[in-house]
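K.L.:
Sequence:
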Amino acid sequence: MYGNPDICIGEDVKWLSSHDSERLGYPTQKPEGLLERIIKASSQEGDVVLDPFCGCGTTIAVAQQLNRSWIGIDITHLAIALMKHRLRSAFDSIEYSVIGEPVSLPDARTLADQDSYQFQWWALGLVGARPVEQKKGADQGIDGRLYFFTGPMMRGEPQQILFSVKGGNVTVSQVRDLVGVVDREDATIGVFISLNEPTKPMREEAASAGFYQSNEAVDNIYPRIQLLTIEDLLNGRQVEYPSYAQWRGNVTLKKAPKAVKQKSGAKIEKLDKYSEKQ
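The opening position of the sequence shown corresponds to residue 18 in my numbering, with each subsequent residue numbered one higher.
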């Protein structure tokens with residue numbers, strides 16, 4: 018009951034508003050202050066913290082900051098992609114391993130056969146795109162989006178890259194559909210990600226869509242429709258768009274605030290209105 022001066026629980030555990038710097042866009046995200054209290058009250062430095070329903074990774078991020086080892090588990094590749102992004106943006110140097118996500122083409126085929134939506138979310142995570150639909154439903158021909166800014170100081174018009182992901186058979190009509198969606202949405206680039214190799218007619222259709230030209234970069238011409246396979250992505254190939262925008266202007270996923278890791282053995286006390294009264 019944050020805000021009541023008589024029974025206030027403290028600002029560090031108040032529910033996150035849409036404007037909080039911690040907010041990453043995950044629907045059930047908890048405040049870091051709440052997990053900090055729980056972890057400090059129930060563990061010591063060096064202990065292992067387990068969160069079996071990890072979501073966007075608040076528990077593991079706080080455990081890392083508090084010098085605990087940790088294990089985070091989640092069933093969706095959407096959550097796993099968000100956790101990886103959060104750890105990379107919050108900590109300058111961090112080592113971890115992900116167990117259970119595809120690391121080879123056979124792994125990807127198995128995931129596509131088991132669950133097409135999980136395959137789609139995993140594939141979008143490989144290129145840093147955000148899924149359009151977090152729940153199963155109509156997507157209007159768009160499986161994911163990536164946004165970047167152009168212009169001086171990244172203050173130009175936002176540009177949009179649209180993604181279509183296919184885990185089964187692929188046809189030239191699917192590329193034509195993507196071209197139509199890019200035109201309809203006035204997007205900059207369309208990317209077709211497939212498990213199977215695109216056919217020659219598909220490549221010809223993509224080539225006929227022309228190029229996007231950026232006036233602010235030296236490497237300023239990019240295919241307007243790009244075809245990428247899962248094998249391409251596993252081998253390190255990425256979407257082609259201005260390199261300076263990839264470095265500074267990619268605003269698809271909100272970056273987590275930088276973590277200040279506590280020194281081993283440090284005692285840090287936080288006072289709130291309730292503890293002061295006590």
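Misleading hints may appear alongside valid ones.
[Said to hold, decoys possible] Simulated pairs of lysine-lysine, DSSO-like, Cα-Cα distance not exceeding 30 Å: (1) 101 <-> 217; (2) 47 <-> 101; (3) 101 <-> 57; (4) 183 <-> 217; (5) 57 <-> 47.
[What the hints assert, rightly or not] Label-pair ranges, simulated between beta-carbon atoms: (6) 64 <-> 230: 50 to 56 Å; (7) 110 <-> 203: 16 to 22 Å; (8) 110 <-> 65: 16 to 22 Å; (9) 230 <-> 62: 51 to 57 Å; (10) 55 <-> 130: 35 to 41 Å; (11) 64 <-> 186: 29 to 35 Å; (12) 217 <-> 131: 28 to 34 Å; (13) 84 <-> 194: 31 to 37 Å; (14) 221 <-> 64: 57 to 63 Å; (15) 188 <-> 62: 55 to 61 Å.
Quick caveat, the hints were computed from the structure, so don't treat them as lab data.
All values reported here derive from a predicted model rather than from experimental measurement.
Glycine included, each C-beta is placed from N, C-alpha and C at the ideal position.
K.L.:
If a hint holds in the structure, say so; if it doesn't, say that too.
P.N.:
A quick look at each hint next to the structure:
For the suggested pair residue 101 and residue 217, the alpha carbons sit about 36 Å apart, so the restraint of at most 30 Å is broken. For the proposed pair residue 47 and residue 101, the alpha carbon gap of about 17 Å is at most 30 Å, so the pair holds. Distance check on the hinted pair: residue 101 and residue 57 sit about 24 Å apart at the alpha-carbon level, within 30 Å; holds. A C-alpha spacing of about 17 Å is found between residue 183 and residue 217, which places the hinted pair at or below 30 Å, so the restraint holds.
Among the hinted pairs, residue 57 with residue 47 is consistent with the structure: their alpha-carbon atoms are about 16 Å apart, no more than 30 Å. A beta carbon spacing of about 55 Å between residue 64 and residue 230 agrees with the range 50 to 56 Å that was offered as a hint. Remark: the range hint 16 to 22 Å for residue 110 to residue 203 is contradicted by a beta-carbon distance near 40 Å. For the hinted restraint 16 to 22 Å between residue 110 and residue 65, the CB-CB distance of approximately 20 Å keeps it satisfied.
Judged by the Cβ atoms, the range 51 to 57 Å given for residue 230 and residue 62 holds: they are separated by roughly 54 Å. In this structure the hint that residue 55 and residue 130 lie 35 to 41 Å apart at CB holds, the actual value being about 39 Å. Between residue 64 and residue 186 the Cβ separation comes to about 50 Å, which falls outside the hinted range of 29 to 35 Å. Distance hint check: the CB atoms of residue 217 and residue 131 are about 30 Å apart, consistent with the given range 28 to 34 Å.
Separated by about 51 Å at the C-beta atoms, residue 84 and residue 194 break the suggested range of 31 to 37 Å. Roughly 59 Å separates the CB atoms of residue 221 and residue 64, a value that falls within the hinted 57 to 63 Å. Between residue 188 and residue 62 the beta carbon distance is about 56 Å. The supplied range of 55 to 61 Å therefore holds.
Checked against the numbered hints given earlier, this structure breaks hints 1, 7, 11, 13; the rest are met.
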